[in-house]
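Kindly produce the complete structure, drawing on both the sequences and the hints.
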Amino acid sequence: MHGPLIDTLTRQGVTRRTFLKYCATLASMMALPPGAGRAMAEAMAAARRPSVIWLPFQECTGCTESITRSHSPTLEGMIFDMISLDYQETLMAAAGHQAEEALHAAMKENAGKYLLIVDGSIPLDMDGAYSCIGGRSNLEILKEAAEGAAAIVAMGSCAAFGGIPKANPNPTGAVSVSDIIKDKPIVNIPGCPPIPVVMTGVLAHYLTFGSLPELDDKGRPKAFFGETIHDRCYRRPFYDQGKFAKTFDDEGARMGWCLFELGCKGPVTYNACATVKWNGGTSWPVESGHGCLGCSEPDFWDAGGFYKALSVPADPLEISAAAAVVGAGAGVAVSFANRAKKGAAKSAHETTTLADLEK
Amino acid sequence: MSLDAIPIHVVNPPSGEPGLTGNAPPLLRELSELVKRLLASGETSAIDLSALPLTPADLGWLQDKLGAGEISVTLQANGESTLNETACPGIWWVTHHNEQGAVTSQFIEVAFVPELVKAHPGDVQTGQEYLELLISDH
Amino acid sequence: MNELQFLTWVRGPGLDIAVGIFLLGVVWRLFEIYTLGRKKDLAAPRHAAGASGLHTVFRRSIPPPGGVKRSPVSYIGGYTFHIGLAIVVFGFAPHILLVKNLTGLSWPGLPSQFVDLAAVITMAAMVVVLVDRINKPVKRFLSTFGDWFAWAVTFLPVLTGWLAVQHLLLPYTTMLALHILSVEILLIVLPFTKLFHAFTLFGSRWYNGKVNGQRGVPV
Numbered sequence: 001m002h003g004p005l006i007d008t009l010t011r012q013g014v015t016r017r018t019f020l021k022y023c024a025t026l027a028s029m030m031a032l033p034p035g036a037g038r039a040m041a042e043a044m045a046a047a048r049r050p051s052v053i054w055l056p057f058q059e060c061t062g063c064t065e066s067i068t069r070s071h072s073p074t075l076e077g078m079i080f081d082m083i084s085l086d087y088q089e090t091l092m093a094a095a096g097h098q099a100e101e102a103l104h105a106a107m108k109e110n111a112g113k114y115l116l117i118v119d120g121s122i123p124l125d126m127d128g129a130y131s132c133i134g135g136r137s138n139l140e141i142l143k144e145a146a147e148g149a150a151a152i153v154a155m156g157s158c159a160a161f162g163g164i165p166k167a168n169p170n171p172t173g174a175v176s177v178s179d180i181i182k183d184k185p186i187v188n189i190p191g192c193p194p195i196p197v198v199m200t201g202v203l204a205h206y207l208t209f210g211s212l213p214e215l216d217d218k219g220r221p222k223a224f225f226g227e228t229i230h231d232r233c234y235r236r237p238f239y240d241q242g243k244f245a246k247t248f249d250d251e252g253a254r255m256g257w258c259l260f261e262l263g264c265k266g267p268v269t270y271n272a273c274a275t276v277k278w279n280g281g282t283s284w285p286v287e288s289g290h291g292c293l294g295c296s297e298p299d300f301w302d303a304g305g306f307y308k309a310l311s312v313p314a315d316p317l318e319i320s321a322a323a324a325v326v327g328a329g330a331g332v333a334v335s336f337a338n339r340a341k342k343g344a345a346k347s348a349h350e351t352t353t354l355a356d357l358e359k
Numbered sequence: 001m002s003l004d005a006i007p008i009h010v011v012n013p014p015s016g017e018p019g020l021t022g023n024a025p026p027l028l029r030e031l032s033e034l035v036k037r038l039l040a041s042g043e044t045s046a047i048d049l050s051a052l053p054l055t056p057a058d059l060g061w062l063q064d065k066l067g068a069g070e071i072s073v074t075l076q077a078n079g080e081s082t083l084n085e086t087a088c089p090g091i092w093w094v095t096h097h098n099e100q101g102a103v104t105s106q107f108i109e110v111a112f113v114p115e116l117v118k119a120h121p122g123d124v125q126t127g128q129e130y131l132e133l134l135i136s137d138h
Numbered sequence: 001m002n003e004l005q006f007l008t009w010v011r012g013p014g015l016d017i018a019v020g021i022f023l024l025g026v027v028w029r030l031f032e033i034y035t036l037g038r039k040k041d042l043a044a045p046r047h048a049a050g051a052s053g054l055h056t057v058f059r060r061s062i063p064p065p066g067g068v069k070r071s072p073v074s075y076i077g078g079y080t081f082h083i084g085l086a087i088v089v090f091g092f093a094p095h096i097l098l099v100k101n102l103t104g105l106s107w108p109g110l111p112s113q114f115v116d117l118a119a120v121i122t123m124a125a126m127v128v129v130l131v132d133r134i135n136k137p138v139k140r141f142l143s144t145f146g147d148w149f150a151w152a153v154t155f156l157p158v159l160t161g162w163l164a165v166q167h168l169l170l171p172y173t174t175m176l177a178l179h180i181l182s183v184e185i186l187l188i189v190l191p192f193t194k195l196f197h198a199f200t201l202f203g204s205r206w207y208n209g210k211v212n213g214q215r216g217v218p219v
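Protein chains in written order, with the numbering used here: chain A, 1 to 359; chain B, 1 to 138; chain C, 1 to 219.
I should point out that these hints are in silico values taken from the structure, not numbers from a laboratory. From a predicted model like this one, the values you see are computed outputs, not experimental measurements. Yeah, the Cβ is synthetic: ideal placement off N, Cα and C, and Gly gets one too. Some clues are possibly wrong.
Unchecked claim - Simulated pairs of lysine-lysine, DSSO-like, Cα-Cα distance not exceeding 27 Å:
| # | chain 1 | residue 1 | chain 2 | residue 2 |
| --- | --- | --- | --- | --- |
| 1 | C | K39 | A | K308 |
| 2 | A | K342 | C | K39 |
| 3 | A | K113 | A | K143 |
| 4 | A | K218 | A | K108 |
| 5 | A | K218 | A | K346 |
| 6 | C | K100 | A | K246 |
| 7 | A | K346 | C | K210 |
| 8 | A | K342 | C | K100 |
What the hints assert, rightly or not - Computed beta-carbon distance windows for the label pairs:
| # | chain 1 | residue 1 | chain 2 | residue 2 | range |
| --- | --- | --- | --- | --- | --- |
| 9 | C | F141 | A | D231 | 30 to 40 Å |
| 10 | A | D231 | B | G101 | 54 to 64 Å |
| 11 | C | F114 | B | Q100 | 39 to 49 Å |
| 12 | A | E147 | B | L59 | 48 to 58 Å |
| 13 | A | D217 | C | F192 | 30 to 40 Å |
| 14 | C | P13 | A | D217 | 23 to 33 Å |
Stated by the list, open to error - Going by beta-carbon spacing under 8 Å, a handful of chain C positions derived as facing chain A:
| # | residue |
| --- | --- |
| 15 | L4 |
| 16 | T8 |
| 17 | L15 |
| 18 | D16 |
| 19 | L23 |
| 20 | L24 |
| 21 | V27 |
| 22 | G104 |
| 23 | P108 |
| 24 | P111 |
| 25 | Y172 |
This is how it looks when you write it as structure tokens:
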């Protein structure tokens, strides 16, 4: 562990007031009471930066990009750098054996106390051979690292739910972190990628309160994943009135109408994009004119296509033609049976005579 | 094209002046309680305006009623922040902007001096060290 | 299976099966009914004004003289919920999108608030009709399981669809999946219950009109 966060921030030219202001806004975004911002700031300022180990598995590195990409260095990026990030393959200088040694040293030194961040899914097929680091499978590395971790953060939809590797036909047998580790507190931060402030919000909460924030039934922090995109979408009045854009860049689209017909999955997606937005609050997919992909939901890749509205079939209908033919066949067969019955009844018809009636 | 150019028609406008929801007046009562607390025990507090269901018209009404006081403080920290005293001393309207100028959060703070304006002892110490350096140079 | 997977299933394989069984059943029963044929009427056909199959098809849509007074609920309630169903099913934009996806046809939709109102009126009318069926002794006596079942299977799609759009009762994903599932159940049972009247009523009216028209009686 290293010295107090506030000293490192000061060295980076971030004043205490800037930090206090940031914490006030962060607390507001997490729906914490105003006093919590100050508590957060004090806790984080004095915090001995906890050791954080970041393990990348079967991923595209998009989550790392999202967190660390900053145009003018945002505090998200900086705070992230300021945690004692003892292992992060994309960002660390060491490589090869040195890197492996750093990993094991960090795990040993901070046993039971480090925060483990995982991004990427874990492939299980072929004994996990589909994704290995230093000759060891991801599965093995995860189990070993999870043992000494205080808590695990599954960053991104791949680690949280399996993500794109798990999508049909899942050739590598990819699974999520919570499918493997059952005995440690796990926070899922889904999104493809997740919004940067969601990540730092969770970290800030952990640093301040020493525990993970309140989670929903899918292990996602309720502060950011408590409402659907649809519930907070600024285009909602148009949905309620039935004003939909029919194609990209048509009249309706230019007037900012609802993107339901263009496949927006907002109504079934829980995330903070509609309120927190992307790129430091610049914009988000719907505001830019494209429907929500639903990227923070499990199996969103197999949910029937990004451009198919929720009211439209997910897959083309396959058995209709055959079913109609079978129905016609059944109808014809039954009609023959009916005709035969009629014919038989006709020929079996006996005329009644007076003699029969007097019997 | 700015967001304001997209026409949004409110289907069921609430009664009273257009845009007002009626959620702002109760805040005045809350502020009164908070000021009482400040006077009694010196305890500071704040109301997070982003967390409340207030329309821009509501915020405007509130700002209008609270009015402007004698002090305006501008803080340059990763974007500008303004901490202005309202017509009621002890009630400060705090607005934080990011570097792009967008509002990131808004609070009404009840305190003798807003928290961010006060100098922290740690910072004062750092300042003192700098001052010592200046003195030793001359 | 989580809610999104459930929704994807009812939008995918579920719909495929339901539409398949629906088409199978409809084609089968239409074949079955219309291949029965009819005995030729050997009497000389008479002609009367307004007595033909086509006339009857339209005339039967109007209540007979004194009919509304005798059973106002049946006629008014019945008309209300049928028209309401048509407005909701064919006027709501997401439904039109579904038809467009399946057949290529599309038409302008109605404002969603209007469809919302139509849905509420439809449900109210259906409840009134149900209550009447329970309260009127003759209606109750005549009612079989098929009648109650047909009511439920028609009511549920309207209810679940309305709840989904209003975001009531259950989270949207589950509510929408239940709505689509209830429609699939309706599709599967339609050809095999009295709901098949949707396809047979015009044929039946035409037949009655033609047969009686031959004898010179407008019905």
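Okay, the hints, checked on the actual structure:
Note on K39 of chain C and K308 of chain A: the hinted pairing is violated, with a Cα-Cα distance of about 51 Å set against a maximum of 27 Å. The straight-line distance between the Cα atoms of K342 of chain A and K39 of chain C is roughly 12 Å, inside the 27 Å bound, and the hint therefore holds. Proximity of K113 of chain A to K143 of chain A is assessed by CA-CA distance (about 16 Å); at most 27 Å being required, the pair is judged to hold. Annotation: proposed proximity of K218 of chain A to K108 of chain A is violated, straight-line Cα distance about 31 Å (limit 27 Å).
For the given pair, K218 of chain A sits about 69 Å from K346 of chain A by alpha-carbon distance, which is inconsistent with the 27 Å threshold. Our distance criterion of 27 Å between C-alpha atoms is met by K100 of chain C and K246 of chain A, whose separation comes to about 12 Å. Simply put, K346 of chain A and K210 of chain C have alpha-carbon atoms about 25 Å apart, close enough for the 27 Å limit, and the pair holds. About 44 Å separates the Cα atoms of K342 of chain A and K100 of chain C, which puts this hinted pair outside 27 Å; it is violated.
Separation of F141 of chain C from D231 of chain A is about 49 Å and departs from the stated range, judged on CB atoms against 30 to 40 Å. Between D231 of chain A and G101 of chain B the C-beta distance comes to about 28 Å, which lies outside the given range of 54 to 64 Å. Between F114 of chain C and Q100 of chain B the C-beta distance comes to about 41 Å, which sits within the given range of 39 to 49 Å. Between E147 of chain A and L59 of chain B the CB atoms are about 51 Å apart, so this pair conforms to the stated range of 48 to 58 Å.
Hint check: D217 of chain A to F192 of chain C, Cβ distance near 39 Å, so the stated range 30 to 40 Å holds. For the hinted restraint 23 to 33 Å between P13 of chain C and D217 of chain A, the CB-CB distance of approximately 25 Å keeps it satisfied. The interface hint given for L4 of chain C holds, since its Cβ lies 5 Å from the closest Cβ of chain A, which is under the 8 Å cut-off. For T8 of chain C, the shortest C-beta to C-beta distance to chain A is roughly 5 Å, which falls under 8 Å, so the interface hint holds.
The beta carbon of L15 of chain C is positioned within 8 Å of a beta carbon in chain A (closest approach about 5 Å), and the interface hint is therefore held. Checking D16 of chain C against chain A: minimum C-beta separation of about 5 Å stays under 8 Å; hint holds. Checking L23 of chain C against chain A by beta carbon gives a least distance of about 4 Å; that is within 8 Å, so the hint holds. The restraint placing L24 of chain C at the interface with chain A holds, with a minimum CB-CB distance near 4 Å, inside the 8 Å limit.
Checking V27 of chain C against chain A by beta carbon gives a least distance of about 4 Å; that is within 8 Å, so the hint holds. The beta carbon of G104 of chain C comes no nearer than 13 Å to any beta carbon in chain A, farther than 8 Å, and the hint placing it at the interface is violated. Look at P108 of chain C: its Cβ only gets to about 10 Å from chain A, farther than 8 Å, so that hint breaks. Restraint check, P111 of chain C versus chain A: the minimum CB separation of about 5 Å is within 8 Å; hint holds.
Interface restraint check: Y172 of chain C against chain A, minimum CB-CB distance 5 Å, threshold 8 Å, status holds.
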